[in-house]
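Peer 1: Read off the chains here:
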Amino acid sequence: MLNIHKLILSLTLVLLFGVCGVTWAASDAEETTSDSLSATEQDWTQLDDDEEELVVWDPIEPFNRGIFWFNDKLYFYALKPVARGYRAALPEPVRESVGNFFHNLAAPVRIANALLQLKGRKAVDESLKCVFNSTFGLAGLFDLGVGLPANTDGEDFGQTLGHYGTSAGFYLVIPVLGPSNARDAVGRVADSLAHPVSSPYYLQMKQLEVIGVRVHQTVNHLSLDKDTYESIKKEALDPYLFVRNAYMQNRAARINK
Amino acid sequence: MRCFKILILISCWLSLCVLPAYSAASPKAQVQATVDQVIDVLRDKQLQGEPRRQTLSRMIRARFNFNIMSQRTLGKYWRTATEAEQERFVSLFSELLEASYIGRIEDYSDETVSYGEEKIEENRADVATTVHSGNTHIPIDYRLVLKGDDWFVYDVVIEEVSLIRNYRSTYGEIVRKENFSGLFKRMEEKIAELRQSSGETTGQ
Chain A
1 MLNIHKLILS
11 LTLVLLFGVC
21 GVTWAASDAE
31 ETTSDSLSAT
41 EQDWTQLDDD
51 EEELVVWDPI
61 EPFNRGIFWF
71 NDKLYFYALK
81 PVARGYRAAL
91 PEPVRESVGN
101 FFHNLAAPVR
111 IANALLQLKG
121 RKAVDESLKC
131 VFNSTFGLAG
141 LFDLGVGLPA
151 NTDGEDFGQT
161 LGHYGTSAGF
171 YLVIPVLGPS
181 NARDAVGRVA
191 DSLAHPVSSP
201 YYLQMKQLEV
211 IGVRVHQTVN
221 HLSLDKDTYE
231 SIKKEALDPY
241 LFVRNAYMQN
251 RAARINK
Chain B
258 MRCFKILILI
268 SCWLSLCVLP
278 AYSAASPKAQ
288 VQATVDQVID
298 VLRDKQLQGE
308 PRRQTLSRMI
318 RARFNFNIMS
328 QRTLGKYWRT
338 ATEAEQERFV
348 SLFSELLEAS
358 YIGRIEDYSD
368 ETVSYGEEKI
378 EENRADVATT
388 VHSGNTHIPI
398 DYRLVLKGDD
408 WFVYDVVIEE
418 VSLIRNYRST
428 YGEIVRKENF
438 SGLFKRMEEK
448 IAELRQSSGE
458 TTGQ
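Those protein sequence lines, which keep their order, are chains A and B. With the first letter of the first sequence counted as 1, position 113 gets the number 113 in the numbering used here; the numbers rise by one all the way through. Here the numbering used here runs 257 ahead of the position in the second sequence, where the first position is 1.
Note that these hints are calculated values from the structure, not bench results. Treat each hint with caution, since some may be false.
Stated by the list, open to error - List of simulated lysine-lysine pairs, DSS-like, C-alpha gap at most 27 Å:
#1 K404/B to K376/B
#2 K257/A to K376/B
#3 K442/B to K233/A
#4 K234/A to K302/B
#5 K302/B to K226/A
#6 K447/B to K80/A
#7 K376/B to K119/A
#8 K447/B to K226/A
#9 K119/A to K257/A
#10 K447/B to K234/A
#11 K234/A to K434/B
#12 K80/A to K257/A
#13 K233/A to K404/B
#14 K447/B to K73/A
Unchecked claim - If you anchor each label on the Cβ, the simulated ranges turn out as follows:
#15 Y77/A to Y365/B: 51 to 57 Å
#16 L74/A to E446/B: 22 to 28 Å
#17 P396/B to A78/A: 28 to 34 Å
#18 A78/A to Y365/B: 27 to 33 Å
#19 V215/A to E340/B: 52 to 58 Å
#20 P239/A to G373/B: 38 to 44 Å
#21 S283/B to P81/A: 43 to 49 Å
#22 A253/A to Y365/B: 22 to 28 Å
#23 D367/B to A253/A: 27 to 33 Å
#24 V215/A to S314/B: 28 to 34 Å
#25 S314/B to E230/A: 35 to 41 Å
#26 L141/A to P308/B: 44 to 50 Å
#27 S366/B to V94/A: 16 to 22 Å
All C-beta atoms, glycine included, are put in the ideal place defined by N, C-alpha and C.
Assemble the whole structure, with the sequences as input and the hints as a guide.
Peer 2: So, in structure tokens, the structure goes:
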């Protein structure tokens with residue numbers, strides 16, 4: 001318990017000092033010279049009006065790249081082989097049900113964050129979905145399609161912070177867990193306090209049990225994944241930069257929703 | 258009852274006649290046409306190896322505007338590049354995107370694509386699609402620009418991540434650190450890698 005509180009405290013401090021993290025550069029508009037372009041020709045080097053240039057603040061890039069390298073090895077030498085064995089042992093519908101179960105289990109986190117952001121409709125939809133799936137859907141194993149579409153990404157505390165104007169802070173690659181940033185790392189800790197499995201307030205599972213559940217969840221997720229990371233690694237000129245930008249874009253879009 | 262059936266038949270027949278003509282200019286219909294063509298090729302077991310790759314390449318090049326994509330990817334570096342560098346970039350970038358795209362769709366199995374709404378604003382359009390694969394549903398939006406009668410893709414947004422904006426950050430950083438020569442070298446290596454691995458899977 002004490003450890004978690006200490007961690008939150010230290011991360012909050014880090015966040016306070018790093019609030020100026022992501023800056024939305026005005027896509028260097030002042031540099032634009034129209035001399036090479038006729039009046040009718042559009043300047044395609046500029047982004048659209050509804051797009052913003054995303055500049056990621058990554059002051060600890062060498063450190064992050066080290067963790068990225070470690071996670072890469074962990075993925076290929078441990079998680080993926082286990083996921084392959086797991087996939088061979090269990091048929092897909094079973095693994096999908098397990099995925100539904102874990103998704104449903106995290107409903108309290110999503111509902112709480114929807115409420116914190118005063119998104120009433122979303123909170124109601126999430127709650128209805130959770131109630132129906134937990135009962136008629138046999139503890140969440142089956143998604144009955146009430147409320148929201150299956151596996152909709154829900155709200156989390158990182159998004160709640162972002163919703164109220166907290167900027168991302170510096171980019172951070174977390175060992176085992178992957179891409180994050182100062183704000184979302186704080187969000188993760190807060191969410192873990194609300195999550196039934198890791199919360200110290202209700203089920204009160206032991207540390208080892210919590211890790212076991214988390215590993216199972218990850219392996220199950222990977223067993224259903226179609227080699228997303230492999231594709232990125234194969235295609236991107238620099239997978240680290242690809243993941244960094246994709247993570248930040250995705251988070252920014254989800255906060256604005 | 259019989260009258261009702263005839264009515265249905267007539268309306269089906271009418272919609273068949275009317276739809277293609279009506280949708281000729283719609284960005285959604287054009288995206289759908291290309292996606293359907295690509296899926297047909299992927300389902301065709303007769304077509305394999307190099308001929309298949311070339312057919313796919315032709316279809317992709319007819320719908321994607323690699324020139325605009327290149328300009329957006331390089332951003333301010335496009336303006337500082339020489340004409341030769343620009344040409345070289347467009348050619349490498351098209352090859353790279355094509356090789357990536359073909360590599361991704363080659364292991365197509367039972368995925369289906371559904372089409373959401375289209376938003377048109379002057380000469381720009383946004384077409385929302387969703388790729389369904391088992392329990393996962395991946396939103397893929399196409400951003401298009403109108404040139405003549407045709408709509409051309411200039412960005413693909415997968416799960417809220419714009420590919421061009423993503424490339425823009427990576428490529429910009431590489432040009433800044435390693436100049437165009439460094440970027441071209443990296444791109445060439447990547448294309449060779451992708452070609453090789455896709456050659457392996459298609460059994461060439």
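Peer 1: Does each hint fit the structure? Answer for all of them.
Peer 2: Results of checking the hints against the structure:
Proximity of K404/B to K376/B is assessed by CA-CA distance (about 17 Å); at most 27 Å being required, the pair is judged to hold. Distance restraint check for K257/A and K376/B: the Cα-Cα separation of roughly 18 Å lies within the 27 Å cut-off, and the hinted pair is therefore satisfied. Note on K442/B and K233/A: the hinted pairing holds, with a Cα-Cα distance of about 17 Å set against a maximum of 27 Å. For the suggested pair K234/A and K302/B, the alpha carbons sit about 25 Å apart, so the restraint of at most 27 Å is met.
Taking the CA atoms of K302/B and K226/A, the gap is near 22 Å; set against the 27 Å cutoff, the hint holds. For the hint linking K447/B to K80/A, the alpha-carbon distance of about 24 Å falls within 27 Å, and the restraint holds. Taking the CA atoms of K376/B and K119/A, the gap is near 25 Å; set against the 27 Å cutoff, the hint holds. A threshold of 27 Å between alpha carbons decides the hint, and for K447/B with K226/A the separation of about 21 Å falls inside it, so the pair holds.
With a CA separation close to 10 Å, the supplied pair K119/A and K257/A stays within the 27 Å bound. With a C-alpha separation of about 8 Å, the suggested pair K447/B and K234/A falls inside the 27 Å cut-off, and the hint holds. With a C-alpha separation of about 22 Å, the suggested pairing of K234/A with K434/B holds against the 27 Å cut-off. With a C-alpha separation of about 32 Å, the suggested pair K80/A and K257/A falls outside the 27 Å cut-off, and the hint is violated.
Of the pairs offered as hints, the one joining K233/A and K404/B is violated, with about 34 Å between alpha carbons and a cut-off of 27 Å exceeded. Between K447/B and K73/A the CA atoms are separated by roughly 21 Å; this keeps the pair inside 27 Å, and the hint holds. Between Y77/A and Y365/B the C-beta distance comes to about 29 Å, which lies outside the given range of 51 to 57 Å. Range check, L74/A to E446/B: about 26 Å between beta-carbon atoms, so the 22 to 28 Å window is met.
Separation of P396/B from A78/A is about 31 Å and conforms to the stated range, judged on CB atoms against 28 to 34 Å. In this structure, A78/A and Y365/B meet the distance hint of 27 to 33 Å, their C-beta atoms being roughly 29 Å apart. Distance hint check for V215/A and E340/B: the Cβ-Cβ separation is about 55 Å, which falls inside the suggested range of 52 to 58 Å. A C-beta distance of roughly 30 Å is found between P239/A and G373/B, which places it outside the suggested range of 38 to 44 Å.
Distance hint check: the CB atoms of S283/B and P81/A are about 47 Å apart, consistent with the given range 43 to 49 Å. Separated by about 27 Å at the C-beta atoms, A253/A and Y365/B satisfy the suggested range of 22 to 28 Å. Judged by the Cβ atoms, the range 27 to 33 Å given for D367/B and A253/A holds: they are separated by roughly 28 Å. Between V215/A and S314/B the beta carbons are some 42 Å apart, a value that contradicts the proposed interval 28 to 34 Å.
The beta-carbon spacing between S314/B and E230/A, approximately 23 Å, falls outside the hinted interval of 35 to 41 Å. Distance hint check: the CB atoms of L141/A and P308/B are about 46 Å apart, consistent with the given range 44 to 50 Å. Between S366/B and V94/A the CB atoms are about 19 Å apart, so this pair conforms to the stated range of 16 to 22 Å.
In this structure, the earlier hints numbered 12, 13, 15, 20, 24 and 25 are contradicted, and the remaining ones agree with it.
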